[in-house]
Amino acid sequence: MLHQKHQSAVPQEVGHVYLVNPVALAKQFASILLIVLALFLAMWISNGSGILGKKYQLGDPDSTIISTKVQLAATSSKKRIAFVGDSSCLVNIHIPTMKENGIEAINLGTLSYLGIDSFGLLAQRFCQDKPDAQIFVVLHPECIRMVASSSEHRKILMEALNQSTDRSTPFQLSNLRKITVDEFSSRLLDGWLPTPIKGQLGFRYGFTHNLTDEVFSSGGFMEETRKFDASISHGSSDYRIARRIQNECTLFRSYLPKGIKVHLLVSPIPQSHATRGHEKKVLEMQNEIGNWIQAENPSFNLPTVLPDSSFGTVTHLLPNSAHEYTRQLCLMLSR
Amino acid sequence: MIFNSNIFILFFTAVLLLYWLIRNNQGYRDWLIVVSSFIFYGTWDWRFLGLLIITGGIDFVCAYKISINPQQTTKKRWLMFSIVSNMGTLGFFKYSGFFLDSALHILEIFGLQSTRPVLAIILPAGISFYTFQALSYTLDVYRGHIKVETNPVKYFAFLTFFPQLVAGPIERASFLLPQFREKRTINESIILRGVWFILWGFFLKVVIADYFAPLVDMVFNVKHLGGSVNILAPLAFGGQIYGDFAGYSLIAIGLANTMGFELSQNFSHPYLSSNIQEFWRRWHQTLSTWFRDYLYIPLGGNRLGSFRTFFNIFLTFILAGLWHGANWTFILWGLCHGLALGCYRLWRTSKMSASIRIPKIAGWGMTMLIVGLGWLFFRATSVSHAWDMIQAVTNDQPPSWSTNYALAVSFGLLAVWFYDVFNKHFHWERVSAWPWLLRIVVKSILLVFIVARWGKEPPSFIYFQF
Chain A
629 MLHQKHQSAV
639 PQEVGHVYLV
649 NPVALAKQFA
659 SILLIVLALF
669 LAMWISNGSG
679 ILGKKYQLGD
689 PDSTIISTKV
699 QLAATSSKKR
709 IAFVGDSSCL
719 VNIHIPTMKE
729 NGIEAINLGT
739 LSYLGIDSFG
749 LLAQRFCQDK
759 PDAQIFVVLH
769 PECIRMVASS
779 SEHRKILMEA
789 LNQSTDRSTP
799 FQLSNLRKIT
809 VDEFSSRLLD
819 GWLPTPIKGQ
829 LGFRYGFTHN
839 LTDEVFSSGG
849 FMEETRKFDA
859 SISHGSSDYR
869 IARRIQNECT
879 LFRSYLPKGI
889 KVHLLVSPIP
899 QSHATRGHEK
909 KVLEMQNEIG
919 NWIQAENPSF
929 NLPTVLPDSS
939 FGTVTHLLPN
949 SAHEYTRQLC
959 LMLSR
Chain B
124 MIFNSNIFIL
134 FFTAVLLLYW
144 LIRNNQGYRD
154 WLIVVSSFIF
164 YGTWDWRFLG
174 LLIITGGIDF
184 VCAYKISINP
194 QQTTKKRWLM
204 FSIVSNMGTL
214 GFFKYSGFFL
224 DSALHILEIF
234 GLQSTRPVLA
244 IILPAGISFY
254 TFQALSYTLD
264 VYRGHIKVET
274 NPVKYFAFLT
284 FFPQLVAGPI
294 ERASFLLPQF
304 REKRTINESI
314 ILRGVWFILW
324 GFFLKVVIAD
334 YFAPLVDMVF
344 NVKHLGGSVN
354 ILAPLAFGGQ
364 IYGDFAGYSL
374 IAIGLANTMG
384 FELSQNFSHP
394 YLSSNIQEFW
404 RRWHQTLSTW
414 FRDYLYIPLG
424 GNRLGSFRTF
434 FNIFLTFILA
444 GLWHGANWTF
454 ILWGLCHGLA
464 LGCYRLWRTS
474 KMSASIRIPK
484 IAGWGMTMLI
494 VGLGWLFFRA
504 TSVSHAWDMI
514 QAVTNDQPPS
524 WSTNYALAVS
534 FGLLAVWFYD
544 VFNKHFHWER
554 VSAWPWLLRI
564 VVKSILLVFI
574 VARWGKEPPS
584 FIYFQF
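Each protein sequence line maps, in turn, to chains A and B. Heads up: the first sequence runs through residues 629 to 963, numbered per our numbering. Heads up: the second sequence runs through residues 124 to 589, numbered per our numbering.
Everything labelled a hint here was simulated from the structure, so no lab data went into it. Wrong hints could be hidden among the right ones.
Claimed, not checked - Once the Cα atoms are required to be at most 20 Å apart in a straight line, the calculated PhoX-like pairs of lysine-lysine come out as:
1. A:K758 / A:K707
2. B:K199 / B:K188
3. A:K783 / A:K758
4. A:K758 / A:K889
5. A:K826 / B:K199
6. B:K346 / A:K855
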């Protein structure tokens with residue numbers, strides 16, 4: 629009733645009037661857009677001019693890990709042994725333990741998303757001017773069965789490897805934000821302003837700068853901070869070799885200079901994940917992949933299954949277990 | 124649908140286009156605002172649209188009954204009905220779990236074991252904001268400050284106006300409702316002002332608040348981090364919540380401006396305040412004036428002597444704390460501010476204040492210390508969490524990254540301070556007198572910052588949880 633009474637009076641009333649010169653307003657907005665585009669262009673030019681700082685690969689943990697490993701590979705001229713591989717290599721191979729046992733090595737383990745051929749590029753960087761270098765490839769069964777690697781991560785690695793040239797990225801409209809503001813702010817700020825790492829890793833390492841420093845000082849080793857919980861980890865334990873692996877292995881080997889010795893290690897899995905015959909399956913994997921990467925024989929007799937309490941995740945050992953696992957590896961190496 | 128998402132930008136563009144098309148009909152304009160507000164609210168949880176309509180409808184009827192009844196007792200009865208329905212709804216959805224839990228906890232302290240019922244009630248988005256706005260409408264009609272609205276479409280356009288529906292500014296009916304009753308004029312000046320506010324709002328949210336967010340989480344979400352990070356994290360949270368909430372308010376004001384409406388200012392450089400009273404004149408202004416006008420002054424304000432003034436301040440702040448959330452941490456936050464403001468007033472009225480002059484910088488430092496302590500309680504998940512953090516300052520080992528933490532937080536706080544200084548000296552009236560090119564350049568730089576920090580998965584606004 630109230631509504632009807634009111635409605636009869638209102639509909640004819642004007643709601644709002646625009647006292648605007650549309651051309652003048654459009655000019656204002658067009659000017660803003662033009663200046664923004666000009667600023668983008670200026671940023672892109674200054675990125676390539678070298679007047680700003682160098683291009684950092686920081687910003688997120690994955691990029692930080694990858695770029696740190698590239699730097700580590702390029703600067704470890706005295707080391708002759710390098711471990712490359714997925715994240716199980718990164719957190720299971722405890723370099724300080726190796727040092728304690730008189731073995732000088734570095735851990736160039738990164739992330740499974742990169743793919744085995746990318747590990748080869750890192751190994752290639754390490755092997756420059758080192759004809760007597762030895763490469764240990766550390767792969768987790770989870771990585772071996774992964775269907776595809778990530779092109780994004782591969783791009784990060786390629787950028788980190790080509791950083792010595794430090795050119796700005798070629799102009800692409802689809803990548804406008806990345807090649808202008810992202811790169812500009814990275815060059816301007818990343819050198820001195822710490823970037824916090826999000827999530828669990830951030831609680832341990834804090835900032836990308838700290839992650840870089842700590843990974844560098846520990847020879848490439850990184851700590852796992854989570855605790856493995858079998859009840860919430862329901863992944864399949866049917867491990868097999870993905871199709872892509874053979875091709876990636878061939879590429880891996882092709883990146884390495886002739887005469888470089890390559891060894892293969894398959895990382896352990898938690899007891900609750902292991903099916904009967906897991907050890908036999910690992911042996912088959914070692915033979916097949918070892919063949920593709922032309923690995924040395926014999927393979928190392930390291931445990932393929934460990935108690936759940938040793939793990940932070942299905943693929944990562946806790947620091948104490950990593951220490952013990954590496955100690956066993958050192959014993960084998962010194963034989 | 125949140126302001127800092129691509130979907131909202133599309134939604135608002137569509138609304139603006141329709142708004143322009145129906146400009147010759149006020150009835151259609153109000154309908155468009157109501158429908159788009161319902162769509163906006165429905166994207167949070169469409170089930171609570173019914174609640175919004177029912178509680179809003181009750182207030183509409185109550186206000187009408189108040190206006191047509193000549194007898195004071197009947198008016199009072201309808202007012203009470205409105206207050207009870209609003210507070211009852213708020214109490215049920217927001218506080219029932221908290222009070223039930225607290226009561227059972229007290230019983231357990233006295234050795235009376237009880238089985239705790241599971242009470243999982245979803246909190247409707249913006250309930251604290253729209254119930255307060257609706258309540259101010261009936262209260263103002265009762266007090267005769269405003270004429271009753273008989274058109275439900277206009278009334279709901281006022282109550283659910285989407286730019287400020289879920290997180291304010293909490294508008295008074297006497298300010299916003301008359302704007303729906305008249306023709307609005309949209310000229311170049313109001314559009315440019317709106318765009319200026321929108322850009323600064325997004326800057327505060329995506330550049331400032333989202334910069335602080337991971338810094339805050341990395342300390343508040345972990346136990347046993349020692350050292351200075353426990354002092355810096357609440358300060359960082361102060362930066363985050365300011366960027367987040369002031370940003371939201373500015374975007375809301377800017378959006379309303381582009382539709383020809385004016386909303387109230389909610390923040391005016393609060394972190395430059397040199398005493399706690401000044402801080403509360405500058406922080407969340409629409410809420411503090413709401414509490415002042417509808418609670419503190421009716422309680423007697425400062426007219427009934429020092430003790431009663433202290434008590435009134437204290438009670439107002441405890442309730443303001445509770446308004447934010449059903450947790451003892453919010454009550455402690457309110458206590459902290461109430462105590463500080465009460466003490467400040469006692470000091471100011473004492474003879475000592477005439478002889479001892481506190482330098483402005485010391486006053487600013489003390490104010491920021493109190494505000495920082497308040498943020499510790501506000502952000503902590505429980506009282507014991509806050510206490511653990513206080514103890515950890517000296518008891519636990521500082522993390523290896525504490526130096527970087529100090530650097531990152533200081534950089535952010537400096538940015539907040541610069542923003543407040545800029546905001547103090549260059550308010551819109553002054554900016555509008557700037558040369559055309561300078562204004563355009565500043566807007567463009569703001570836009571570049573926003574583009575640089577615009578995320579694919581935008582984090583929500585903190586005040587949406589209240």
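Okay, the hints, checked on the actual structure:
Using a Cα cut-off of 20 Å, the hinted pair A:K758 and A:K707 holds, with the two alpha carbons roughly 9 Å apart. Between B:K199 and B:K188 the alpha-carbon distance is near 10 Å, which keeps this suggested pair within the 20 Å criterion. At roughly 26 Å between alpha-carbon atoms, A:K783 and A:K758 are farther apart than 20 Å, so this suggested pair is violated. A threshold of 20 Å between alpha carbons decides the hint, and for A:K758 with A:K889 the separation of about 11 Å falls inside it, so the pair holds.
At most 20 Å may separate the alpha-carbon atoms for a hinted pair to count; A:K826 and B:K199 exceed this at roughly 54 Å. Our distance criterion of 20 Å between C-alpha atoms is met by B:K346 and A:K855, whose separation comes to about 15 Å.
The structure fails to meet hints 3, 5 from the earlier list, while all remaining hints are met.
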